[in-house]
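Sequence order for the protein chains is B and E.
The numbering of the first sequence is the working numbering, which starts it at 483 and goes up by one.
The numbering of the second sequence is the working numbering, which starts it at 2 and goes up by one.
Quick caveat, the hints were computed from the structure, so don't treat them as lab data.
For glycine and all other residues, C-beta sits at the position ideal for the given N, C-alpha and C.
Do not take every clue at face value.
The following residues of chain E were derived to be distant from chain B, with all beta-carbon distances above 10 Å [to be verified]:
hint: 1; residue: S12
hint: 2; residue: Q31
hint: 3; residue: P67
hint: 4; residue: G71
hint: 5; residue: F74
hint: 6; residue: L80
hint: 7; residue: W82
hint: 8; residue: T84
hint: 9; residue: K106
hint: 10; residue: F123
hint: 11; residue: Q139
hint: 12; residue: R164
hint: 13; residue: V166
hint: 14; residue: L172
hint: 15; residue: H210
Residues from chain E shown here face chain B by an in silico Cβ test under 8 Å; the list is partial [claimed, not checked]:
hint: 16; residue: I51
hint: 17; residue: L53
hint: 18; residue: Q54
hint: 19; residue: I72
hint: 20; residue: D76
hint: 21; residue: P81
hint: 22; residue: L91
hint: 23; residue: G92
hint: 24; residue: P99
hint: 25; residue: R100
hint: 26; residue: S128
hint: 27; residue: F231
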Amino acid sequence: MSERFTWLRQAAAFAVLLIAWEAAGRAQLLNPLFMPSPSQIGAALVDLFGSGSIWPHLEATFTAALGGLAVGIAVGILLGVIAALVPFLGELIAPVMTVLNGIPRVILAPLFVIWLGIGLASKVALAFILVAVLIFFAVFGGIRQADRRLVERIITLGGTRWSLVQHVYLPSVTAWVLGSLKVAVGFAFTGAVVGEFVAATRGLGYLLSFAQSTYNSALMFALIFLILVVVLAIFWIAGRLERYLLRWS
Amino acid sequence: MSLRVSNLSLSYGGGEPVLENASIAVGEGQFVSLVGPSGSGKSSLLRAVIGLQAPLAGTVETGLDPSEVGILFQDDALLPWKTARENVALGLTFHGVPRREALTKADGWLERLGLAGFGGRFPRHLSGGQRKRVALAQVLALHPKLLLMDEPFSSLDAIVRARVVQDVAALVERERISVLLVTHDLEEAISLSDNVYLLSQGPRARITHDYPVPIPRPRDPVRARMDPAFAPLYDKLWTDLSHEVDRVHAEAAA
């Protein structure tokens, strides 16, 4: 079978699944309390956007996720570079990061709520801590394994320490960060939504929690679908960026 | 004299010397090869000459500015995120040539090495032979007076290798660049060199012989193999190298 039509076969299979799902719902085979039909989920989505009530929630989640992502990447790179190039500080930073990497960092969510309140800050903090640890290890590991041959090549061509940073370390760091970018985006949204789930007055996570407490499963499915679409869209953008910046690889 | 290595001893990271008491001379415009088995410290000797490794004992004199000594490693080690021309221009910009001018010069070198039109490609999109030529252009663009080569052709297949070796030989002959080539390929050493040094098996490898190559210049390294002087010299080197390897095996067995 031609690979060109893979997406077509995938789309067809998905359509068949949706139709079967819808048919089972209409035949009363599925309890709508647990498993609403696709049309009911669609209606919930239309209602969310039609009434405009979704926008403040989307805005809250996006702000938290993208804010946490940006700060997390910046701090992750900074700490990674420092830990890799200054061994004395690396000894102090690396074990902390290893511990943070080992635990499920979402357990910090309630703590951030106590420290930072139920507003935006606690969500940004959770997205940040998820992303920063990931990026730290990408950069820290990357610099320590920087290709020795490239370093020697730069030195033998007459390059200085700054040339090394400019031509070997920075491009390498860019590559490693971009390599983890998709995972980082996923982490950022996880942090934002989980933070809202724990305690918030706005955001997709808050709406999910609301849907749960009111047994509104159509709304819940609609929100899961919405988060899926948002993250896939950002994956696509990250993928394009990665392909452009890593066009040499 | 372009390079004089006197009584040099080297180790891998401070242990037992891998190479001991080695003395080598490379005259101006001379092509000299250093042949030896793996683990005889050949690569370390080049690293010591270029200052990447400190010797245990002995001295290295070049009478040249460090910028006039170039090295071509076994692997290409081109920067994967820079195009061929940017890679070639790199060394020039380190020496203060403005970027635009460096890129123009890089194009010239790529053209001279048969890579006209390939300057915009990233290393990943070049063949092994093309990458080798880019690495060569990168070093030659700095106009070295002494070129060190560490088995630079070993990764290439036979035909590409013969072509690259021909081009290198012609270039260094024309530009009167002194060369110290490290290799374990006897044919390559004889066909290219004015003088061949033979190293014994390490650790504590020593230079055991030194053979002048009486094949006249200018010389095509592929056709040099058909010179009447080639076969007898090859035979002599091979016999000496075999004896050396046998001796080490006998000592190890005893």
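Going through the hints against the structure:
Non-interface call for S12 (chain E) relative to chain B: holds, since the shortest CB-CB distance, roughly 19 Å, exceeds 10 Å. Chain B leaves Q31 (chain E) outside its interface by the beta-carbon criterion, the shortest separation being 21 Å against a cut-off of 10 Å. Residue placement check: P67 (chain E) does not keep its beta carbon more than 10 Å from all beta carbons of chain B (closest about 8 Å). At roughly 8 Å from the closest C-beta of chain B, the C-beta of G71 (chain E) falls inside 10 Å, breaking its exclusion from the interface.
Its beta-carbon lying about 7 Å from the closest one in chain B, F74 (chain E) breaks the requirement of being farther than 10 Å from that chain. With a cut of 10 Å on Cβ distances, L80 (chain E) falls inside the contact zone with chain B, its closest approach being about 6 Å. Once the 10 Å rule is applied to beta carbons, W82 (chain E) is inconsistent with being away from chain B; the minimum gap is 5 Å. Against chain B, the non-interface label of T84 (chain E) is violated: not every CB pair exceeds 10 Å, the least being about 8 Å.
The Cβ of K106 (chain E) sits about 14 Å from the closest Cβ of chain B, beyond the 10 Å cut-off, so the non-interface label holds. Not every Cβ of chain B is farther than 10 Å from the Cβ of F123 (chain E); the closest lies at roughly 4 Å, contradicting the non-interface assignment. Not every CB of chain B is more than 10 Å from the CB of Q139 (chain E) (nearest about 7 Å), against its label as outside the interface. Listed as outside the interface, R164 (chain E) is consistent with that label: its C-beta sits roughly 24 Å from the nearest C-beta of chain B, beyond the 10 Å cut-off.
No beta-carbon of chain B is positioned within 10 Å of the beta-carbon of V166 (chain E); the least distance is around 22 Å. Listed as a non-interface residue, L172 (chain E) keeps its Cβ farther than 10 Å from every Cβ of chain B; the least gap is roughly 18 Å. Residue-level check passed: H210 (chain E) sits 30 Å from the nearest beta carbon of chain B, beyond 10 Å. This hint holds: I51 (chain E) has a C-beta 6 Å from the nearest C-beta of chain B, less than the 8 Å allowed.
The restraint placing L53 (chain E) at the interface with chain B holds, with a minimum CB-CB distance near 6 Å, inside the 8 Å limit. Given the 8 Å rule on beta carbons, the hint for Q54 (chain E) is violated: about 10 Å separates it from the nearest Cβ of chain B. With 8 Å as the threshold, the beta carbon of I72 (chain E) comes within range of chain B, its nearest partner Cβ sitting at about 5 Å, so the hint holds. With a cut of 8 Å, the hint placing D76 (chain E) at the interface with chain B holds, because the nearest CB-to-CB distance is about 6 Å.
Of the supplied interface hints, the one on P81 (chain E) holds, with its beta-carbon coming within about 5 Å of a beta-carbon of chain B, less than 8 Å. Annotation: L91 (chain E) was flagged as interfacial toward chain B, and the flag holds, the nearest CB pair being 6 Å apart, inside 8 Å. Annotation: interface hint on G92 (chain E) holds; nearest CB of chain B at approximately 4 Å, less than 8 Å. Of the supplied interface hints, the one on P99 (chain E) is violated, with its beta-carbon coming no nearer than about 16 Å to a beta-carbon of chain B, more than 8 Å.
This hint is violated: R100 (chain E) has a C-beta 13 Å from the nearest C-beta of chain B, more than the 8 Å allowed. Contact between S128 (chain E) and chain B, as hinted, is not supported at the beta carbon level, the nearest pair being about 16 Å apart and thus beyond 8 Å. Given hint, F231 (chain E) at the interface with chain B, is violated; its Cβ is 33 Å from that chain's nearest Cβ, farther than 8 Å.
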